[in-house]
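Colleague: Read off the chains here:
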Amino acid sequence: MKRLDELINKYLDSDITESELEELQQLLKNENNYENFTAFKAVENRLRQISYESAPALFTERLMSLILKTNVNQIKKSYFPIIVNTFFSLLIIMVIVLIISLGNWNTNNLYVDKFLNNSVQEITSFVPLIKGVIKNRTVIFFSSIISLILLVAFYYTFESHKSFKKKLENY
Amino acid sequence: MKNLSDNDIIESIKKGNVSDFSLLVDRYKDRTFSLLKRMLKNEMDAEEVMQDSFLKVYKSLSSFRGDSKFSTWLYKISYNSALTFLSSKKRKEEQDFISIDENFDLVKLDNEIYSTTENVNQYILKLIDKLPIKNAIVLILFYVDGFSINEISNVMGISLVNTKVLLHRSRIALKDLLLKHNYHKEIL
Numbered sequence: 001m002k003r004l005d006e007l008i009n010k011y012l013d014s015d016i017t018e019s020e021l022e023e024l025q026q027l028l029k030n031e032n033n034y035e036n037f038t039a040f041k042a043v044e045n046r047l048r049q050i051s052y053e054s055a056p057a058l059f060t061e062r063l064m065s066l067i068l069k070t071n072v073n074q075i076k077k078s079y080f081p082i083i084v085n086t087f088f089s090l091l092i093i094m095v096i097v098l099i100i101s102l103g104n105w106n107t108n109n110l111y112v113d114k115f116l117n118n119s120v121q122e123i124t125s126f127v128p129l130i131k132g133v134i135k136n137r138t139v140i141f142f143s144s145i146i147s148l149i150l151l152v153a154f155y156y157t158f159e160s161h162k163s164f165k166k167k168l169e170n171y
Numbered sequence: 001m002k003n004l005s006d007n008d009i010i011e012s013i014k015k016g017n018v019s020d021f022s023l024l025v026d027r028y029k030d031r032t033f034s035l036l037k038r039m040l041k042n043e044m045d046a047e048e049v050m051q052d053s054f055l056k057v058y059k060s061l062s063s064f065r066g067d068s069k070f071s072t073w074l075y076k077i078s079y080n081s082a083l084t085f086l087s088s089k090k091r092k093e094e095q096d097f098i099s100i101d102e103n104f105d106l107v108k109l110d111n112e113i114y115s116t117t118e119n120v121n122q123y124i125l126k127l128i129d130k131l132p133i134k135n136a137i138v139l140i141l142f143y144v145d146g147f148s149i150n151e152i153s154n155v156m157g158i159s160l161v162n163t164k165v166l167l168h169r170s171r172i173a174l175k176d177l178l179l180k181h182n183y184h185k186e187i188l
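Residue numbers (our numbering), protein chains in the order written: chain X, 1 to 171; chain G, 1 to 188.
Check the hints yourself; a few may be wrong.
Unchecked claim - Not the full set, but computed from the structure, chain G residues with beta-carbon under 8 Å of chain X:
| id | residue |
| --- | --- |
| 1 | Ser34 |
| 2 | Phe54 |
| 3 | Phe70 |
| 4 | Leu178 |
As the list claims (entries may be wrong) - Residues of chain G clear of chain X, computed beta-carbon distances all greater than 12 Å:
| id | residue |
| --- | --- |
| 5 | Lys59 |
| 6 | Gly66 |
| 7 | Asp67 |
| 8 | Ser159 |
Source of the hints: derived by calculation from the structure; they are not laboratory data.
Ideal Cβ placement from N, Cα and C applies to all residues, glycine included.
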């Protein structure tokens with residue numbers, strides 16, 4: 001019986017070879033085997049008649065209103081990453097400028113260096129308190145580098161969190 | 001609109017016509033609901049999971065490349081959402097996830113159903129409802145939805161060989177029960 005069931009299953013899956021088909025035809029000459037085959041066909045016949053159940057009324061309308069609402073929220077939310085990205089970018093640029101201005105670069109003749117020096121002087125003039133506390137240039141230089149590393153690390157953490165969240169939502 | 005293919009509708013949605021998503025929902029809501037109700041055995045849960053599944057589909061539509069059929073993709077998401085729902089609700093009864101060959105008492109089930117049904121149609125429908133989830137779903141996807149074995153294996157996340165084994169065992173189990181009650185003669 002096992003071999004018969006196996007062959008009929010292959011036949012029903014249209015996965016049967018010619019030699020197996022011949023073997024099946026031989027087996028079906030037996031009345032009991034043939035009845036077994038008709039029972040398989042009956043299973044197929046009945047299963048194919050099963051119809052779909054109707055989804056709850058107004059399902060589409062409810063879902064679409066939810067989607068439209070989500071879309072509006074997404075548009076509102078989309079400003080947040082832009083603001084955060086801008087904030088991080090500005091901070092990183094400021095720290096790089098600070099590092100360059102504090103370093104002993106031999107760039108006195110460059111206009112950029114003068115511009116940076118002027119910019120730093122202007123920025124620092126607004127914070128005399130900080131300037132008073134941190135007088136050591138080496139300390140400022142290294143803390144700036146650390147700040148830069150931290151900012152970059154924070155930025156990548158934020159980005160990876162964002163992509164992970166997106167993956168979760170898509171799952 | 002009814003002549004538009006799934007891919008045409010998806011392209012339109014991607015271009016910004018969000019309301020076209022309702023065409024896909026209308027096209028697939030009944031069959032998705034039937035699948036989920038069969039898995040969750042409850043209309044409200046089925047509706048909740050269906051809504052969640054369609055939302056997931058909508059959100060991920062931009063990543064859908066059309067390598068597989070939309071229906072296969074939707075069913076895969078719905079099937080996985082239903083499994084997650086069952087786990088989270090702690091309704092993951094052992095019986096739901098075993099297959100016919102793993103301690104599933106088909107004889108006891110048959111006795112219960114046979115004594116409470118009046119005809120072969122009712123009998124088969126009740127039997128399908130009470131079968132272990134995987135066995136029922138593989139039969140429904142193959143015969144009702146017309147999925148190929150390859151597509152079923154994709155939806156259920158199991159290998160081709162396992163899909164075939166599951167389908168064959170489910171078929172044989174139903175065939176044996178029809179033979180036992182001589183129901184096959186009534187059907188054909």
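Colleague: Indicate, hint by hint, whether the structure satisfies it.
Modeller: The hints, checked one at a time:
The interface hint given for serine 34 of chain G holds, since its Cβ lies 5 Å from the closest Cβ of chain X, which is under the 8 Å cut-off. Given hint, phenylalanine 54 of chain G at the interface with chain X, holds; its Cβ is 6 Å from that chain's nearest Cβ, closer than 8 Å. Residue-level restraint check for phenylalanine 70 of chain G is violated (minimum Cβ-Cβ distance to chain X is 16 Å; threshold 8 Å). Hint status for leucine 178 of chain G relative to chain X: holds, with the closest Cβ pair at about 5 Å, below 8 Å.
Its beta-carbon lying about 6 Å from the closest one in chain X, lysine 59 of chain G breaks the requirement of being farther than 12 Å from that chain. Every CB of chain X is more than 12 Å from the CB of glycine 66 of chain G (nearest about 17 Å), matching its label as outside the interface. No Cβ of chain X comes within 12 Å of the Cβ of aspartate 67 of chain G; the nearest lies about 16 Å off, and the non-interface call holds. Under the 12 Å C-beta cut-off, the non-interface status given to serine 159 of chain G relative to chain X holds; the minimum distance is some 15 Å.
Consistency note: the structure conflicts with the earlier hints numbered 3, 5.
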